[in-house]
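Protein chains: 2
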Amino acid sequence: MPDAPSVGVVGATGAVGTVTLELLAARGFDRVRVFASARSAGRQLGPLTVEEATPEALARGDVDVFLFSVGTGASRELVPHAVEGGAVAIDKSAAYRLEPGIPLVVPEVNGGRAVEGGRIVANPNCCTIPLTCVLKPLHDAAGLVRVRVATYQSVSGAGKDGMDELFAQTKAVYTTGDIEAKKFPRRIAFNLIPHIDVFMEDGYTKEEWKMMMETKKILDPAIRLTATCVRVPVFIGHSEAVNIEFADPISADEARNILRNAPGCIVIDKREDGGYATPYEVAGEDATYISRIREDATVENGLAMWVVSDNLRKGAALNAVQIAECLDSRKLISAKKKAA
Amino acid sequence: MPDAPSVGVVGATGAVGTVTLELLAARGFDRVRVFASARSAGRQLGPLTVEEATPEALARGDVDVFLFSVGTGASRELVPHAVEGGAVAIDKSAAYRLEPGIPLVVPEVNGGRAVEGGRIVANPNCCTIPLTCVLKPLHDAAGLVRVRVATYQSVSGAGKDGMDELFAQTKAVYTTGDIEAKKFPRRIAFNLIPHIDVFMEDGYTKEEWKMMMETKKILDPAIRLTATCVRVPVFIGHSEAVNIEFADPISADEARNILRNAPGCIVIDKREDGGYATPYEVAGEDATYISRIREDATVENGLAMWVVSDNLRKGAALNAVQIAECLDSRKLISAKKKAA
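Residue numbers (my numbering), protein chains in the order written: chain X, 1 to 340; chain Y, 1 to 340.
Hints in this document: simulated from the structure, not taken from any laboratory.
Honestly, I wouldn't trust all of these hints.
The calculated lysine-lysine pairs, modelled on DSS-like cross-linking and capped at a C-alpha distance of 25 Å, are [as the list claims (entries may be wrong)]: (1) X:K160 x Y:K216; (2) X:K182 x Y:K160; (3) X:K171 x Y:K216; (4) Y:K160 x X:K183; (5) X:K160 x X:K182; (6) X:K206 x X:K160; (7) X:K270 x Y:K183; (8) Y:K171 x X:K182; (9) X:K171 x X:K183; (10) Y:K160 x Y:K171; (11) X:K171 x Y:K270; (12) X:K183 x Y:K171; (13) Y:K216 x Y:K183; (14) Y:K206 x X:K270; (15) Y:K206 x X:K171; (16) X:K270 x Y:K182; (17) X:K216 x X:K183; (18) X:K206 x Y:K270; (19) Y:K160 x X:K171; (20) Y:K216 x Y:K206.
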């Protein structure tokens, strides 16, 4: 990329950070620096040396755009320092997503909003991103009324520790039998956990609430969405069983054609063995995959479908890098920086 | 059990057959014979010697009730011979479930129907059984209108071969890396497969269609149900994310109280770590477990919940043994036999 902005990856040693570095290299970002906690400072990530993500280091003003993939608490603490130094901060945590005036961006869906706000751009939840890629073109065609989602979320949604726990617990099933649950509230090896993030007063989990609120913010506040979010023993790839009720008639064939032409979407929908996307096969891919598109006859204008994407890529790192590209292509990173 | 009927288990060497034998012994059935294909004939199952399930052996008239846990094709072939010999046949396959005049029975829900029909009683699908245990008392209270289900079905739903395939594939991930898919159309280790049974013309799978048709037959033909059925890498225990729309208002608290008093149901619903059922924990248990009961605000009278049960027990073997007990307690097995 000619004159690609300089990028600082904060949380570079985590599961999303690792994928972010791969994507930046592949997409021509040639001025990359890596930041993490004091524990990892000094470590080598290929040719790059990890710098400590101190407020001072981030506020120094020598990086155009910071990609944050750290926890919500760390983002709240560190993002303001990056912005103070004049950088644009693209934040993958939940810290700023629902804050008024801060754009919540999926480039294929509402990329234009990335340039409307101030110097923070928020990246949605890993299930919201692929879901809105699918819902947006269908909403434009027939008007979404209600959306019901049941998720099948891989352990990498909980970071490297989550992946390590599934790996270790499963191995223990074959060896010592000594299963230890630390990262997840229950055993995840050969099991399911219908609980992601904390419980809210109404019995929904915060993960479920985020999907609802973020979809409204990104697409349309009139959309009614309800979700059940479940952790499954898969390493990479989030899947969603989705039922949608529309204002206007739309057939499965029409939806299939619309989604075939939708940016970032790939339809795999043959009614035969393997004629659908599975998370293992989609891991490492960039698109959102849509399968099992069929009419839901329980309501007048209903569709059901199966949506899968790589939660570390489109669900996190890739979406953030695409936001950086949106900003860069309009030369807004430097403009924003000059205006600071 | 005094004067328990004599029972023949057909398909005794399979995953469901094995559990059936455990349950019969524990529940006092002391005259049990075991049948299987020619391949297994002569094998010992504890003190019992496997007999070959030939048409002649089943028609001999020396068994009161046969419990069939074989495939749909084998049931179609063998059940008529058992009935011809004067026995009652309780069939776990899909062969007779939707046939008019043949009762489709979940004892807690419609046990009375077991005694209305002829000498065949059908056992519903492994997801339909726990679901109807939950839906029946709620339907009585507030009138079901629409039900949407996303399932998370364990590999034992595909029998012992399914369990062996998950075991072998997962082991191969840690050792040879050589993953072979034979029983399932795609790799199941650390993966999901949104496809159970064959595809139908409308894009639904037969598993999804069965849940719809069987729920209508058991509960009420006016109920509209749609399902997405997904195989998950869990050995035992089927889970279901369920959204229900009612005719009348019903709160989450009301539903929780109704389900606490419903036969065969256990509510585990605390809004804290582990305050819900997971399939690994429910494996080996008899009840249907209900968790995550909450209001679905996308519709006027809506509820969402999480339902888990042991698919080999309540979803199959236990339900069939309970049907045998229904018949026996009314001395109907011998009455039916005499009438033959």
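- Does the structure break any of the earlier hints, and which numbers would those be? 1, 2, 3, 4, 11, 13, 15, 17
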